[in-house]
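Trainee: Listed in order, the protein sequences are those of chains A and B. Add 36 to the 1-based position in the first sequence for this note's numbering, that's all there is to it. With this note's numbering, letter number 90 in the second sequence gets 71, and the count goes up by one each step, no holes.
Calculated directly from the structure, the hints in this document are not laboratory data. Please note that the accuracy of each hint is not assured.
[As the list claims (entries may be wrong)] The list that follows gives simulated cross-link-like pairs (lysine-lysine, DSS-like), each with its CA atoms no further than 27 Å apart: (1) K335/A / K70/B; (2) K111/B / K338/A; (3) K178/B / K338/A; (4) K338/A / K204/B; (5) K150/A / K166/A; (6) K(-16)/B / K51/A; (7) K198/A / K141/A; (8) K168/A / K150/A; (9) K166/A / K127/A.
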Amino acid sequence: MEWLTFWRGIAAGIKNFFRNGWLSIATISIIVLTLFIINTVFVISLIAKETLEDIQNKIDVSVYFKGDIDENKARELVGLISKMPEVQEAKYFSKEEALIAFKQKHNEDDIVLKSLEELGNPLQPSVSIKMKNPNAYQSILDNVRNSQYKDLISDVDYYSEKKPIIERLNNIIQAIRKIGMAIIMIFAIIAILVTFNSIRLTMFNYRREVEIMKLVGANPWFIRLPFITEGMLYGFFAAWISLIILYPVIYFSLPYLNSVAPNIDAINFLHSQAIKIVAIQLGSGVILGAISSLIAIRKYLKV
Amino acid sequence: MIKFHNVSKIYSGDVVALRNINLDINSGEFVSIVGQSGTGKSTLLRLLILEELPTMGQILFNNRDIITFTRREIPLHRRKIGVVFQDFKLLNKRTVFENVSFALEVAGRGSRDIRQNVGQILDIVGLTDKSNKYPTQLSGGEQQRVAIARALVHHPEILAADEPTGNLDMINTWEIIELLLRINKLGTTVLLATHNKDTVDRINRRVIALDKGMVIRDQKEGKYMI
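Produce the entire structure from the sequences given, and follow the hints as far as they go.
Mentor: Take a look at the structure:
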């Protein structure tokens, strides 16, 4: 008989949910709205973060050698650097290669080209280094500068030029992560309060029902069960609807997203995260609904 | 069956609802509790179903002090007492049948059992043909009969009616009273709280008169006198 009571409670909750269609729709839409804002902020902050990291990864650092060094020794160092696990690519440019590149870059600037002819080749051989993680430059370059090869090196543009850029990007990424988290937290709290309040209103409608249930000798858990079921249904539907809305919104804003962040495939990203997002939202929606109803019904359940 | 022993109920602010009540109600009795509004009739019934706790005294039901009941025992206790109110307390979104079957569902009874019992009880109160109607489609007297059916469907030992005829006209009132008498004849103890003099005089059964929270008269075949 215990199972019978249990199923009846759940069935009653489902029945209530559909019988009070308008109330259910109103409650769900409010939850959907807050969940949707949370989703949007989450996606935007993720895209912003990925974009900035993408830019950060494009940065490379050049180490310039002195003009009169032994090229074999320089190549030896480049070989060592390119074998480091943190390094994605290390490429040696000899004096001559640097000159060709320079000429190509300035091939329309006659004055520069003429002055080059008079000077000969003033350029230095160099190695251009790209790392997998932009934050690894510092320690590796420090090591190189203190190694046995330090006499070869005349200058590293990391310290003067690249370091401030990398650090600034780092700061922006951190800030976006923090602001995004803060906004999500705020809206999560709003979602909880709004959900709780709408469920409380719903329960207010049921106070008569609860009173009668008490009178005919219903077990308190039997009274709670329909309302918990109903609260869980709110959370369940709200989570799905907010996800279903998110898809077309992202789809139609793709052109804009791509102009900002050409390398990011938002739809694919969403697909890869979908299970996680669904799980979190469904879970939190259902739990939120259940807990809200449990608290809201308490007031009318006093013996 | 029911014993009130030195029961007092004092609300905060020194409002005395009941003062030193001593009563002894036997199984199968039909007891009218009379008195003006605010003399404690409803409080007496509310104490009996443990909707409120007495400030002092003991209430024995089948020789057990109901005040000592645990949270688990309270619902079980309430299933032994059917309650009827002046405002019927029906659920307007449920049919007559559903309103009555509700009381059995709550008790965890099987579906076939419920159909059978509800059918029987609706027959007793004379509402078989209205079982698919909603309360708003019924007259006041019919609504009260639905409430009585709900109170009786789980075969309680006691039927406690708090001003059940307060909202009804004379003819409907007498129909309800006759129904209560018939129910009593079938073996259920009936407690009827009312301030309607005519009905009490016509019932001609035990009358307990309350005034200012005290029992001022208890007669075996009483009239309404204060």
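Trainee: With reference to the structure, classify each hint as holding or not holding.
Mentor: These are the hints, each one checked on the structure:
| no. | hint | in the structure |
| --- | --- | --- |
| 1 | K335/A / K70/B | holds, 19 Å |
| 2 | K111/B / K338/A | violated, 34 Å |
| 3 | K178/B / K338/A | violated, 35 Å |
| 4 | K338/A / K204/B | violated, 38 Å |
| 5 | K150/A / K166/A | violated, 33 Å |
| 6 | K(-16)/B / K51/A | violated, 42 Å |
| 7 | K198/A / K141/A | holds, 21 Å |
| 8 | K168/A / K150/A | violated, 39 Å |
| 9 | K166/A / K127/A | holds, 9 Å |
Checked against the numbered hints given earlier, this structure breaks hints 2, 3, 4, 5, 6, 8; the rest are met.
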